[in-house]
Each structure stands twice: as C-alpha cells, then as structure tokens.
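Between the sequences and the hints, there should be enough to build the whole structure, so can you do that?
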Amino acid sequence: MAIHPPQEQERSQVSVPPPPKKSVSPQSKVFWILLAMPGIIWLAVLFIVPFYAMLAIGEGKLNRLFEEPVAVYNPFEWSSANLSHVLHDLFGAGAFAGPVAWRTIWYVALASALCLIIGYPAAYFVARFAGKRKGLFLILLIAPFWISYMMRMLAWIDLLQTDGYVNKVLGWVGISAVDWLGGHWYTVILGLVYGYIPYLILVLYAGLDRIDPSLIEAGRDLGLSRARTFVRVTVPLSRQPILTAMLITVLPMIGDYFTNQLMSGARNTAMIGNLIDGQLSTPGLAGQGAILSLIVLLVLIVPMIYYVIATNRASREVS
Amino acid sequence: MTEATERGATAVSARYAVMSEVAAGGTSPRGLRNPWRRPVFLEGFTWLYLVWSLVPIAIAVLFSFNKGKSISTYQGLSTTWYWGKNIYSVWRFPAYHSAVFETLKLSAYTTLIAVPLGVAFALGINRWRSKVSASFNFVMILSFVVPELIFGVAMFFVFTQLFRGIGLGNLAEVLGLVTWNVSWPAIIVQARLVTIGKQYEEAAADLGATPFQSIRRVLVPLLMPAIFASAILVFSSVIDDFVVVDLLSSNSSNTPMSVIIYSTQHGGNGQPALNALGTIMLLMSFVVAGLGFLGYRLMTRGQRIDGQQALASIAGAD
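Protein chains in written order, with this note's numbering: chain A, 1 to 319; chain B, 1 to 318.
These are calculated hints, taken from the structure and not from any lab test. Mixed in with the good hints there might be a few duds.
As the list claims (entries may be wrong) - Only pairs whose alpha carbons sit at most 20 Å apart, straight line, appear in this in silico PhoX-like list of lysine-lysine:
| id | chain 1 | residue 1 | chain 2 | residue 2 |
| --- | --- | --- | --- | --- |
| 1 | A | K29 | B | K131 |
| 2 | A | K168 | B | K69 |
| 3 | B | K67 | B | K85 |
| 4 | B | K198 | A | K29 |
| 5 | B | K85 | B | K69 |
Unchecked claim - Restraint-style ranges between C-beta atoms, simulated for each label pair:
| id | chain 1 | residue 1 | chain 2 | residue 2 | range |
| --- | --- | --- | --- | --- | --- |
| 6 | B | G165 | A | P75 | 20 to 30 Å |
| 7 | B | D206 | A | V49 | 40 to 50 Å |
| 8 | A | K29 | B | V220 | 13 to 23 Å |
| 9 | A | S281 | B | L104 | 23 to 33 Å |
| 10 | A | V173 | B | V55 | 10 to 20 Å |
| 11 | B | G307 | A | T234 | 19 to 29 Å |
| 12 | A | I48 | B | P39 | 47 to 57 Å |
| 13 | A | K132 | B | Y74 | 29 to 39 Å |
| 14 | A | L110 | B | A108 | 38 to 48 Å |
| 15 | A | V49 | B | V51 | 43 to 53 Å |
| 16 | A | Y186 | B | R217 | 56 to 66 Å |
| 17 | A | L110 | B | F101 | 37 to 47 Å |
Fair warning: this is a prediction, and the values are worked out from it, not measured in the lab. In this text, a Cβ means the ideal position worked out from N, Cα and C, and glycines have one as well.
Here's what the structure looks like:
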C-alpha cells in the first residue's frame, strides 16, 4: 500500500536541486524529542510504574487488620511471603493451583491448535483462490472481528441451552439432550476456539496474502504436484505468519478468565486467569494475585520478546 | 496483485470449462488433471467455516427480538427487550441504559486521547533515533502483546494502591484503555512512516520549512489514512474491550455493555435483553467499520488502494 503522489509533473519545474542537507540540526532533534515525550511519559507512568507497583504489592506485606495488601517499594525490604504461598499452591503437596496451571496449558494448546487447523485452510483459500469474490469472502471473514466477544459467547450460550437448537438438532438424529453448559471441557474449548479464531485468521490472511503467487506457480510449473508445492513452497513461506498468528491467539488466551466462566462456570474448568481474577477480589489474597500474574508474565516474556523482535525485523525488511 | 488474481481467475474458469468437457469425455488420465482446477474441497471448507462463524450470531440477534423470555426458543418478533414496557428492556433498565452510553463515552474519550498521543510518539520515536527512543519503542510494542489480564491487574493495583486519588471508575478506565490502545496508532503510523521514507520531509526542509511546518504540511497529510485507520481501530476495540474495563469499573454508572453482559449472564440472569445489548454493540461496531471503510476509501482516492486493502487496513491486518 504505497502512496504515489503526482511527482512527475513537478519534477520538470525544479531545474537545479539544492545540495542535500544530511546532518540533523540539534534544534530539530529537540523538536522530535519533545514530540515523543508525552507518549514516553505516559508509558512510563501508566505502563512501567503499574508493573513495578504490582511487583511491590506482590513482594509487600499484608495489613492483617483490613486484610489489605501493603505495597513495599524498596526492594531491600521485600518479603517473600506471597511468593512462597504461591509456589506452595503451584508445586507443594495438595497444591490446588498446579492442576489449574496444567489445565490452562492444555486448554490453550488444544484450542489454539484447533484455531490453526480451522483457520489456516480458510485464510489460505481466501488469500489465494477467492478470485473475483475475494472482497465478499474478506468481508465475511473479517465480520466476526467486529462483533463483540461477549455477543459471540452469548450466541453459543443460546444455542447450547438444554432446550436449545443444538440439542434439538441432535434430537432429530436420535441423540439425547446434552447438558452442554454444565461444566465440560469441550464446551470451554469450543468457546475459546470460536472466540479467538477471528484474530488468528486475520493475521494469517494478511501474511498469506503477501506470498508472491508466482513462487507457487513456479513450483507447479517445475512439475511439483499440488500437495508437494504446498509442502515445499507454501508452508515454508507461511511459517512466519503462522507463528505471529499463533502468538496473537495464545498470549491473550492464557489470560482468559471469562470464556470458561460463561461456557461452564464450574471449578473443574477453571484456568489460571480465574485464579488471578478470584484472588484480586478476595480479601488478603490480592498480593498473591500480583505474584501469580508476575509468574505468568515471566513465563510469557520469551514468546513476547520473540514477537517484538519478529515485528521489528519485518518492519526493517520493508524499509 | 488484484488484477493478476482476477486474470488468473478468468483463466482458471476458462480452463476449468475445457477440462470438465475433457473429463466428461472420460479421456482425462490422472496425471493430466488441470493443475489450476478450482479447489472445491477448500472452498467448501471455507463456506462451512463461515456458516459456523456467522449463523450463531444471526440467531443471537434474532433472539434479541424475541417476544418471550426464552433465549433458547423463538417465540415471535417484538422489540420489547429494546424499548418495550418490560422493566428489563434496554431503554428502561437503568444499568443497561447507562451501559450503552458508557461504552460510547469510553470509546470517544479513549480515541481522542490515544490517537494524538500515539501519532506524536510514533513521529518522535521514528526520527529521534537513540537508545532511549529504541527502548520506549520496545516498551510500546510490549504493551501490545502483554496478556490483557496481566496488564489489567497491574492497572488495578496502581489505581487502588499507588494512585489512590484516582481510584476505580471512569478516569481509571479511560487511562487504562488509552495505555492499552496507544500502540495501535503508534505501530500503524510507524509502519506507514517507513514506507513514506524521508524524501518528502527533506524536500520540505530544503525549501525552508521548519520541522513543525514539514510535519503539518507534508507528513500529516501523507499519514492521514493511517491515522484515520488507527482511530477506527481504537474506537472499535474499546467497544469490544472487556478485561480492562471489567477490572477498573467500580459501579453500574461506569460499567459498559461488555461487562454488563458478562456479569448478568454469569449471574444466571440470561435474558433477551443481553442479546439486545450485544446487538447494539454489533451495530455500533458495524457503523464504525462502515464509516471507517468509506472514509478510508475517500482519503486514499487516486492512490492504488483497492477495497480489499482498505478493508484490511481498518481491521488492522495490513
């Protein structure tokens, strides 16, 4: 998407171009710094400081009288009471948070894998084969992106009621009614896949659409079968979009606490997000919620930084 | 690209016609099948996916017009859950009523603050190349990928513990949403700056423009479509936002629609009024997207940008 301003006509009017000024004057440097400053200050005060506050609360003390966390901002006075509580919950004997963490991992793994299996063929088809109807397909593909997440959850809640349409359809083929919303992992997975797949498809489509079709045609012209062209040409070229799309799906899914609340609400489908959300509103446990959030952040920092580096690399390649 | 695709499609259908004739004659050995035949299976799969992704929404919209209380059986058409005599209609029930306006208010404030902030940040960071600018750019992209729950928890603590004067409520929600969304304009404008290059600015400087003048007269007009697309994205993602506002809202006067839907449904009071709220959200987003699409097309008139690219741009997939 490059802009092409009408520069051709104007070129003839400029007879002798003045010598280019290469050095940036200190004056204009100050100007750029001033321009960046509001954003920098905003991010410092409302992004970096909050994370430090969370750390200070997690490593801080507890006001026993009001069951309120007390933040300790001096790292030399930090206590590890919350940390040891959380570690005990995660790994200790009779730990209740450990199984929740494992469940989160396999829910997210299964749901994101399903997102990819369903999303890739659809995105691939629209990017490569939709032809004249690409606009129509694109609108239909992007539409869920503009529909609120909660509305999309409501849609399935309606369908999956015990006397809902899904059970009615199952009834026609002789399957007795299923209590879908009664706390089952498969309903939660359905909710997660349905909820997050639009984001994955959008990123995948954007990446797959950039693949030069002549490369794929070359594969076919050189005598590879359709399947082999796909494996040898398309898959390697779509590795980067797949990785980005998976990250865009997996990272928020790990912090999800609302999908399973709506689709099941039962304790046996709770994820790590439910634990954190619950601790925030439980007197005396807010500090542990802070520590648990930081642990999740620590686990995710590697994929996050990978994403940042990959984005930077991509933007440098464009320039 | 599009032209090529269209040409390809025509060629494909022409060849397909020939090939199917050949196939009808039964003279097509396996090895000589049309290499560019239509991927029927893939197309069928895509349609199945689209039906699965869109039909439930259509049914949920239908239920918002349900005459009765059920969210599982259709009982006839009515608008009672929107503005009927029903005390739980969106118009009559105070929490629902105020949630509609709260969503609009939060979206408007957040867009008005986040877009100028992010655009100025992108311009400054992109031209002032130093260690400081690089690290804050890193922080900005980090704010784009950090899981929203973790970000929301940090925000919750900072407003309830450190900046107690702010507390929870409208101000906290706007501050949180701006921080959460400022990366849209910052990333999109930076990407655009890379493709514009420096030559226009240098030309302006050579002709005697100050940095401020060259921004106002040269860069901002060139960046306008990108800025506009990011404003559309910020506005619509605030409509859809749930986690940040769920953690930072304090009472029903500052609770937007997404949170109302969640807490009411979760509390076991599912009723068509929630579908009505969801339908209103859907309408808002579609109106924003439609205006965004039209505006983007208008701004990029005379450029080689087709509808599909415009659509991808306002959905953040460009």
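**OP:** Tell me, in ascending order, the numbers of any earlier hints that this structure violates.
**Re:** none
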